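**Q** Make the full structure from the sequences, and use the hints.
Protein chains: 2
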Amino acid sequence: MSDFFKIEYKDGLMRVGKIITDNGVLETPNFIPVATLGSIKALDSVSVLNLGIQAIFSNTYHLHLQPGEDVIYHLGGLHKFMNYKGVILTDSGGFQAFSLGQALIDRVGKIANIFPNSSKRNIDLLSNRLSKLSNNKEKLALMNEDGIVFKSHLDGKIFKLTPENSIEIQLKLGSDILLTLDECTSPLASYEYTKESTFRSFYWTERSFKYFVQNKDNYKEYRRFLYGIVQGGYYYDLRKWSLEKILSLDFDGYAIGGSLGRSKEDLYEILNWLSFPDDKPRHLLGIGTINEIFIAIEHGIDTFDCIIPTRYARTGTVFVKYEDNYKNNFTLDITASIYKGKDIKKYDLPIDENCNCYTCRNYSVAYLNHLFNANEISAMTLLTIHNLYFYNELLKKIRLSIINKSYEKFKKDFFN
Amino acid sequence: MSDFFKIEYKDGLMRVGKIITDNGVLETPNFIPVATLGSIKALDSVSVLNLGIQAIFSNTYHLHLQPGEDVIYHLGGLHKFMNYKGVILTDSGGFQAFSLGQALIDRVGKIANIFPNSSKRNIDLLSNRLSKLSNNKEKLALMNEDGIVFKSHLDGKIFKLTPENSIEIQLKLGSDILLTLDECTSPLASYEYTKESTFRSFYWTERSFKYFVQNKDNYKEYRRFLYGIVQGGYYYDLRKWSLEKILSLDFDGYAIGGSLGRSKEDLYEILNWLSFPDDKPRHLLGIGTINEIFIAIEHGIDTFDCIIPTRYARTGTVFVKYEDNYKNNFTLDITASIYKGKDIKKYDLPIDENCNCYTCRNYSVAYLNHLFNANEISAMTLLTIHNLYFYNELLKKIRLSIINKSYEKFKKDFFN
Numbered sequence: 367m368s369d370f371f372k373i374e375y376k377d378g379l380m381r382v383g384k385i386i387t388d389n390g391v392l393e394t395p396n397f398i399p400v401a402t403l404g405s406i407k408a409l410d411s412v413s414v415l416n417l418g419i420q421a422i423f424s425n426t427y428h429l430h431l432q433p434g435e436d437v438i439y440h441l442g443g444l445h446k447f448m449n450y451k452g453v454i455l456t457d458s459g460g461f462q463a464f465s466l467g468q469a470l471i472d473r474v475g476k477i478a479n480i481f482p483n484s485s486k487r488n489i490d491l492l493s494n495r496l497s498k499l500s501n502n503k504e505k506l507a508l509m510n511e512d513g514i515v516f517k518s519h520l521d522g523k524i525f526k527l528t529p530e531n532s533i534e535i536q537l538k539l540g541s542d543i544l545l546t547l548d549e550c551t552s553p554l555a556s557y558e559y560t561k562e563s564t565f566r567s568f569y570w571t572e573r574s575f576k577y578f579v580q581n582k583d584n585y586k587e588y589r590r591f592l593y594g595i596v597q598g599g600y601y602y603d604l605r606k607w608s609l610e611k612i613l614s615l616d617f618d619g620y621a622i623g624g625s626l627g628r629s630k631e632d633l634y635e636i637l638n639w640l641s642f643p644d645d646k647p648r649h650l651l652g653i654g655t656i657n658e659i660f661i662a663i664e665h666g667i668d669t670f671d672c673i674i675p676t677r678y679a680r681t682g683t684v685f686v687k688y689e690d691n692y693k694n695n696f697t698l699d700i701t702a703s704i705y706k707g708k709d710i711k712k713y714d715l716p717i718d719e720n721c722n723c724y725t726c727r728n729y730s731v732a733y734l735n736h737l738f739n740a741n742e743i744s745a746m747t748l749l750t751i752h753n754l755y756f757y758n759e760l761l762k763k764i765r766l767s768i769i770n771k772s773y774e775k776f777k778k779d780f781f782n
Numbered sequence: 367m368s369d370f371f372k373i374e375y376k377d378g379l380m381r382v383g384k385i386i387t388d389n390g391v392l393e394t395p396n397f398i399p400v401a402t403l404g405s406i407k408a409l410d411s412v413s414v415l416n417l418g419i420q421a422i423f424s425n426t427y428h429l430h431l432q433p434g435e436d437v438i439y440h441l442g443g444l445h446k447f448m449n450y451k452g453v454i455l456t457d458s459g460g461f462q463a464f465s466l467g468q469a470l471i472d473r474v475g476k477i478a479n480i481f482p483n484s485s486k487r488n489i490d491l492l493s494n495r496l497s498k499l500s501n502n503k504e505k506l507a508l509m510n511e512d513g514i515v516f517k518s519h520l521d522g523k524i525f526k527l528t529p530e531n532s533i534e535i536q537l538k539l540g541s542d543i544l545l546t547l548d549e550c551t552s553p554l555a556s557y558e559y560t561k562e563s564t565f566r567s568f569y570w571t572e573r574s575f576k577y578f579v580q581n582k583d584n585y586k587e588y589r590r591f592l593y594g595i596v597q598g599g600y601y602y603d604l605r606k607w608s609l610e611k612i613l614s615l616d617f618d619g620y621a622i623g624g625s626l627g628r629s630k631e632d633l634y635e636i637l638n639w640l641s642f643p644d645d646k647p648r649h650l651l652g653i654g655t656i657n658e659i660f661i662a663i664e665h666g667i668d669t670f671d672c673i674i675p676t677r678y679a680r681t682g683t684v685f686v687k688y689e690d691n692y693k694n695n696f697t698l699d700i701t702a703s704i705y706k707g708k709d710i711k712k713y714d715l716p717i718d719e720n721c722n723c724y725t726c727r728n729y730s731v732a733y734l735n736h737l738f739n740a741n742e743i744s745a746m747t748l749l750t751i752h753n754l755y756f757y758n759e760l761l762k763k764i765r766l767s768i769i770n771k772s773y774e775k776f777k778k779d780f781f782n
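Going down the list, the protein sequences come from chains F and H. Residues 367 to 782 (the numbering used here) make up the first sequence, in order. Residues 367 to 782 (the numbering used here) make up the second sequence, in order.
In case anyone wonders, no lab produced these hints; they're calculated from the structure. It is possible that some hints are incorrect.
Note that the list lumps identical chains together, so a pair holds whenever it fits in one copy or between two copies.
Dumping the calculated DMTMM-like pairs for lysine to aspartate or glutamate here, alpha-carbon to alpha-carbon at most 25 Å [unchecked claim]: (1) Lys693 - Glu664; (2) Lys711 - Glu587; (3) Lys384 - Glu664; (4) Lys687 - Glu719; (5) Lys586 - Asp616; (6) Lys446 - Asp714; (7) Lys446 - Asp709; (8) Lys576 - Asp618; (9) Lys778 - Glu511.
For clarity, every value in this text was computed on a predicted model and none was experimentally measured.
**A** As structure tokens, this is what we get:
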């Protein structure tokens, strides 16, 4: 085992361990909330750390645009810039090639349509095409073998992301754990498109890996680690091919990206296809719901990132385990019109009487409902605190149950 | 002296004392931030108290509409609803008759024009008129001797505010210090209009006073106190008339409302006209800037409320005392494009290196600038914390300087 990752307990495929970086230790399995622009939305960095959040996940595409990696580099890197004393992961920007290209699906049916063979080998051709597009519901990302060309969602400026400069940006941002450039394929992508994309993603992966190995020592203040990403969508042979290729390079850890199917069962299946060496951490990208987290952990996943708890909070949805709400993914809508009738006092209680988060210790559902419906932004902050606390506590309990060999019982109780 | 207000030190007109309610003690002179809808915007109640904010100022008009005084009453009153363990003042709703009638000024030149004599004595006539108005840039408030009719800015519903039900709403909200219903006159109002308004406001004041005396004992959980409001705009004889009338009733304290002129000099003059008995607290409504606060305190004012520190924070303006920014009312624009050029590191400092607020202890100007420009709402929270801390510390230092007989020196140093 490396100094980076230590497994301390195992139970079947499940493992409890630690990812050890120079900026902090991340107990695994764990959930990593998203800090898109160098900030967990609605929460300041010290509050994030005080909540027990050991790692955050930031976005290269967004930080490159705002405030720019050079600004952050000159100010001492993301940890210092944010004043966050924990582990920071960054994505490669490849996800935005999907999310900002997603609009295309609605227009032409398949992302594949935007990659005519003629433009495959020259990224500048794409730049020219993209700069001619208007801002109105047009493509904001195109890609070919060279890399991805974006049209900034902020000001329309064109910029390129290549396997090399994605790593350079991430090194400058100063994240502890970097990801190689890849394309996140759509659940709607055909086998042919996904195959082409998976090959291209691995071509990018090799270039990212090479650039990282050659350049990481230019940034010596603390250790940097690189994960390779398994792609292949919901296609067995592509996933297997991608896995084999990724494992052929000496990454510090592995990520699973792209489409993970369209249901809980699909996710089960894809994870069943993939078998990783024991001694390196495994990250599942963009997951997830409470259900997905249990599934992932059962398949030996160590970490996962997702916007769910924070974005749900900002739309007034909180996580709480009531006896009967597991079908509703353990959510409660705080914005509901609960003041009608004579039942007001029923809501003079915290979201969860057994929850020890700051929000539940101090405020009632009635007051949170009022704040949210009155458009007070403190409502978003308070609900974000609750949701992150809920996720963090759940993961703590899952780790403990694995250590105590009581995971199955814990899970059964949780879903009852 | 009453049990409600104790003066502990005096220096000329200036005094240092305590307003003592059953929900908390307010050291005076002091600044009271505005919690329009039962919440200081961008900050939760416990954080407000932890900042050392001893009193907040909420709005009857807004809380009546959302969530309604009955909801708050059934949930134990505003202190319990918000979980704020300090002094709460509420206005009467009369200010919104001005602010929601203000649009009229732009349309017809003078508020006076909307009060034809024929409708003076019957509030229902106003209701009928108002309900016929469309929502688009129309009048949202009309008034006559009976009271004020509002068209809700939320859903267009018509409701009445009378001298009596304004007090009833405030009693149900559960504020410690209530205000009588009055009209806040515009700085543009003529002598004739202001005269009519001042007479009407005192007619309302008598009715509010009577209702309060007869009904406050229906709400016995803790003591309620009532302030009468001196009106009269920027007109000497009207201010004198109003003062004499207000002093003829046995209020727990006095407020100064309405137009306070258009300049620092006007404010000086109006305050010079008014002489109050020593033993009751004096509140200046809707003030103010740093300059205005010094002026008010020098004229023996004990408390004042204003949206300035909180609203400024939400637009990216922070208070800080630099050597050269007193002309700029001690403000700094955190949103400025400071990242241009090679001076980035210059902004790797807190807003004020000598400030001990949470924001300055943890975050740089560069990061706050990034958060604000990236539309992260945590920026609003962090800047609100700083601005309220700045105001609170300033008032602490002013009180101390009055106690130490060093006010003039403190003021001179502060403005240099």
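**Q** Tell me, in ascending order, the numbers of any earlier hints that this structure violates.
**A** Hint 9 is the one this structure does not satisfy, whereas the remaining hints hold.
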